[in-house]
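One-letter residues, chain by chain:
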Amino acid sequence: MPKKIRISNVVEQMPPSGIRAFFDLVLGMKDVISLGVGEPDFVTPWHIRESAIFSLEQGYTSYTSNKGLVKLRTYLSRDLRKRHGLRYRVDDEILITVGVSEAVDLALRALLEPGDEVLIPSPRYVSYAPMTQLAGGVPVIIPLRASQGFKLTPKDLERRITPDTKALLLNYPCNPTGTSYTKNELLALNKVVGRHGLIVISDEVYDELTYDFDHTPFATLPGARSRTIYLNGFSKGWAMTGWRVGYACGPAEVIAAMTKIHQYTIMCVSITSQMAACEAVVGPRAPLEEMKREYARRRVFVVENLNRMGLCCRRPEGTFYAFASVKKTGLSSVDFASRLLKDQRVAVVPGTAFGAEGEGFVRMSFASGMENLKEAMQRIEAFVGKPL
Amino acid sequence: MDPILQFLQKDARLTPREIAKLTRSKLDKVKKKIARFQKEGVILGYKTVINKEIMKDKSRSVRALIEVNVVPQKDMGFDKVAERIYRFPEVTSCYLLSGTYDLLIVVEGKDLRTVSQFVAEKLSPMENVRGTVTHFLLKKYKEDGFLLKGKDEDRRLAITY
Chain A
143 MPKKIRISNV
153 VEQMPPSGIR
163 AFFDLVLGMK
173 DVISLGVGEP
183 DFVTPWHIRE
193 SAIFSLEQGY
203 TSYTSNKGLV
213 KLRTYLSRDL
223 RKRHGLRYRV
233 DDEILITVGV
243 SEAVDLALRA
253 LLEPGDEVLI
263 PSPRYVSYAP
273 MTQLAGGVPV
283 IIPLRASQGF
293 KLTPKDLERR
303 ITPDTKALLL
313 NYPCNPTGTS
323 YTKNELLALN
333 KVVGRHGLIV
343 ISDEVYDELT
353 YDFDHTPFAT
363 LPGARSRTIY
373 LNGFSKGWAM
383 TGWRVGYACG
393 PAEVIAAMTK
403 IHQYTIMCVS
413 ITSQMAACEA
423 VVGPRAPLEE
433 MKREYARRRV
443 FVVENLNRMG
453 LCCRRPEGTF
463 YAFASVKKTG
473 LSSVDFASRL
483 LKDQRVAVVP
493 GTAFGAEGEG
503 FVRMSFASGM
513 ENLKEAMQRI
523 EAFVGKPL
Chain B
337 MDPILQFLQK
347 DARLTPREIA
357 KLTRSKLDKV
367 KKKIARFQKE
377 GVILGYKTVI
387 NKEIMKDKSR
397 SVRALIEVNV
407 VPQKDMGFDK
417 VAERIYRFPE
427 VTSCYLLSGT
437 YDLLIVVEGK
447 DLRTVSQFVA
457 EKLSPMENVR
467 GTVTHFLLKK
477 YKEDGFLLKG
487 KDEDRRLAIT
497 Y
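So the protein lines, in turn, are chains A and B. Everything in the first sequence is counted per the numbering used here, starting at 143 for the first residue and increasing by one. Everything in the second sequence is counted per the numbering used here, starting at 337 for the first residue and increasing by one.
Isolated chain A, as found in the complex:
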């Protein structure tokens, strides 16, 4: 009998995603209206696609420097200074990564010693805790409350800090809750972070999709730049998910450490994608504004309808997600999602996909055309209106 291949302990012990079965169910079903998609329904604006095609015609098919094209880093450096007053040196403070996902992974691996704790407010993006574990760290979950708009408060933050706490992994606007923070709220958090000398890994990939106020990058707060790793990318705002381009900005020693890992594991981001990203930074912003207006319009429509049906839902400050409570139905998140799928063929993501703190909620994406959303709302209403 052949010997079974042994898998490493850390991977073996990672809990499998509890809702894999539900995902498989959705993917196997036809004629589903899906509000379960975590990416824009728009394709990348044409001027960006065209510039990528042009770069291929010109023969740009080689590796780039590990840190990414100098051109792209220069554009980003200028853009961050112009739009946020953030100053990052082109040479040693910016790294181009395979989406923000790689940047989070690099940051954690560059920073963590075994046993170091990483604070993760939750509901949270699915990969934060597993990535922390893979990097040898200990994820420490900070449960967020719906009654507080799923916002991290300075008090809740302070309470979880121990001598082993190394970093806070912050994501705003947040996938899945849509919650973001005003400058004042961030200033209060920054005080706690500063007092305890924590590093902030700030995933701000949804920053362009902030509706009610201007987005404030964490690194712009007083004293924060030297202990913040600012992560962003092109996927959400520019509808460039499949290109896989993101970037990390931070103190030179951290970027150098992250680059070390990146050069051995990834080498560099695809040059075509980097060329496309260049165009996104320096090209016209009108297509982005147009997409944002459309999301804003749908946001009003979806949130209002959900609340009318009794699926309580706060108006998300950013992203294209509504995080709605299903408590009135008496069903668990997974049961609600499964039954809605079977009954009405509408797919949503159970809140528990984003941690136990998401129980009682489902994430509904409004990155879907208005016609689809109208139909979906009618079907959901038919579902919740029925005696269960």
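Hints were generated in silico from the structure; no laboratory data involved.
Chain B side only, calculated, beta carbon under 8 Å to chain A, not exhaustive:
(1) Lys357
(2) Leu358
(3) Leu493
(4) Ala494
(5) Ile495
(6) Thr496
All C-beta atoms, glycine included, are put in the ideal place defined by N, C-alpha and C.
Dock chain B against the given chain A, drawing on the hints supplied.
Here is chain B on its own, set in the frame of chain A:
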């Protein structure tokens, strides 16, 4: 442009109630504003954009772009001549251009013969028309910002984080 007009230009089916919500203004105010736009002629009409390229119905009409050289009239310039031309119901659009000819008009008819007849019998014989060049439209790719092809399919996975 007024936000109300921006929304209506994209989707004329939006109700005043929806527009009020989107622009965060009072329903009454929106209704009044729309009425005013209509009265002032800022809003001229509401129409549906039909993609005739993929229509099953084969009774498609024929369209021609016609370059027209005219003799401007004393004291009136081109306006008077243009008016005589654009009053014909066959003319769906009429523009005055700079360059080698003066007016560009779009003419629609049920077939080639009808359009040719219009040019030969109505347009060319006009006293102030010096000459015409007719271009029949063969295929439309894009019109008023709309791509004239079938719906794009959604290539995304049905569920992702």
